[in-house]
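Here is what each chain is made of, one letter per residue.
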Amino acid sequence: MKKLINAPESAVDEELAGMVAAHGDLIRVIEPNVVVRVDAPRQGKVGVISGGGSGHEPMHGGYVGMGMLDAACPGAVFTSPVPDQMLAATTAVNGGAGVLHIVKNYTGDIMNFELAAEMARAEGIEVSSVVIADDVAVKDSLYTAGRRGVGGTVLAEKIVGAAAEAGADLATVTALCQKVQDNVRSMGMALTSCTVPAAGKPTFELGEDEMEIGIGIHGEPGRTRMKLATADEITEMLAMPILDDLPFRQGDSVLAFVNGMGGTPLMELYIVFNKLSQILKGRGVSIGRSFVGNWITSLEMAGCSITLLRLDDELTRFWDAPVKTPALRWGI
Amino acid sequence: MSGATSISYDDVVAWINTFAATIRAQKDYLTALDSAIGDADHGINMDRGMQAAIAKLPGLPARDVGAAFKSVGMTLVSTVGGASGPLYGTFFLQFGTATAGRESIGVDDVNRALDAAIAGIQRLGKAEAGDKTMLDALLPARDALHAAAESGASLEEALARMAEAAEQGMLATTPLVARKGRASYLGERSAGHQDPGATSSYLLLKAAADTWSGSASGEAPG
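Top to bottom, those sequences are chains A and B. What the first sequence shows, in the numbering used here, is residues -16 to 315, in sequence order. What the second sequence shows, in the numbering used here, is residues 803 to 1024, in sequence order.
Treat the hints as calculated values from the structure; they're not laboratory data. All values derive from a computational prediction rather than experimental measurement. Some clues are possibly wrong.
[What the hints assert, rightly or not] A few chain B residues facing chain A, derived, Cβ under 7 Å:
#, residue
1, 837
2, 841
3, 846
4, 880
5, 983
Heads up, the beta-carbon is just placed ideally off N, CA and C, and yes, glycines get one too.
With these hints in hand, go ahead and build the complete structure from the sequences.
What follows is the structure in structure tokens.
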């Protein structure tokens, strides 16, 4: 294993300390490992929190700040955080207007957030939860844990965070988050595996000429392994299942999000975006907004994911609203 | 404690310590199993939780079996994360509730506690037999322990049959297609791999049988 770390055990703690050192004007870290917006709690504002395993940076800690999350709970690498963290986050950001939990659909995340929500309610804090499950690579059936929460989570955090910043109440913010979930679909692929620091070796092996289609964001193997194809072919393999799933229709306007898994050059992401724009044009779908970069990653994995969100005026307005976080800033 | 009919507070602490030591010894093995069909962290997370759990045991105020189990459960919920934290936390919390205030327990208590623990895990995880989860080791183990107790087997014999059934259940997860947890994303590709959760559950019950019959063993499972 070749990593820029001091020790696997201290990697997350040192990362958080570094974030505070770099972005102390925006965030602080409270026990037990919760990234909190520096001016939280804001009286009368709905608190918006999320959390999940570390290793997906900048998600979620990089999205804490004005116009996005009020707190984020980073777990160990690829491991959902513990209820104590979500309870501390909920308490820290509660300004009396309630707190929304944005939860990615993984068995562990669901259980730990549920336990925390119960504890917070017992302390008299109003809590609502929305589960993001946008990965079309997973069949949503009785025979799976349901679709994974992937790229759509970043979009939900931005849009919902803007609405909360604008003063929307808990019911409105919750409904908006559900609206994002209902209109967003994603799928990803990997060119290489990734190594969890504490494990020391790659989660899976991929041959030089192989790729994994339908990969999750934890290095969990995907749907199928196949021979490496061109960027155009790969973009088709990801875009078609997404377009057919919602389905996206002629005349729709979308936010087109091409995401890198951590180890992919932007050059390649733009090559994918180029093909994606052609596919969308062919389907009569217009690109209302675009978003390209490494925004929800899987450590050093090479690969990409595509996320499409069907836009309307409300979603577009909140996407465009000002945001100031360590990772995302515009309109300020 | 061969031939004994009851399990003392010290025996309970010894079980927890043995399980922690087993998890440490099998950490890489569990993580390797999890790499095949999950996200490569089961051994790491369970080890972090069990080390935290055993560190708290010497500081507990009274020799209360239930309190020891509850302490382990609370610590696992607070330190493990993932699905394993709430699930193993529930196992020990339910064990603690079933044995609250007791200085020692017998095979009937273990039976009742295991029933409660499994019910708690099923409420939380909503899994059933054959879903390729920890329940595939725990359910046959519970049935074997019940049957052994009813047939009047000695404590040692009953625990041995429980561990044997857990091992068979664990091995039987290999051909199954996962329907719960991260392994379910793989669909048919999850077949051919032994379930990491069923494996750690077998190790847990094997540690009980070994500790409580005085024959500790560090043998690799599977």
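Quiz item: Can the hint on residue 880 (chain B) be confirmed by a CB-to-CB distance to chain A that is less than 7 Å?
Solution: It holds, given that the least Cβ distance between residue 880 (chain B) and chain A is near 5 Å, below 7 Å.
Quiz item: Holds or violated: is the Cβ of residue 841 (chain B) closer than 7 Å to a Cβ in chain A?
Solution: holds (4 Å)
Quiz item: Does the interface hint hold: is residue 837 (chain B) within less than 7 Å of chain A, judged Cβ to Cβ?
Solution: Given a least distance of 5 Å, the restraint on residue 837 (chain B) holds.
Quiz item: For the hint on residue 983 (chain B), does the least C-beta distance to chain A fall short of 7 Å?
Solution: holds (5 Å)
Quiz item: Do the numbers back the hint for residue 846 (chain B), that is, is its least Cβ distance to chain A under 7 Å?
Solution: It holds, given that the least Cβ distance between residue 846 (chain B) and chain A is near 5 Å, below 7 Å.
Consistency note: the structure conflicts with none of the earlier hints.
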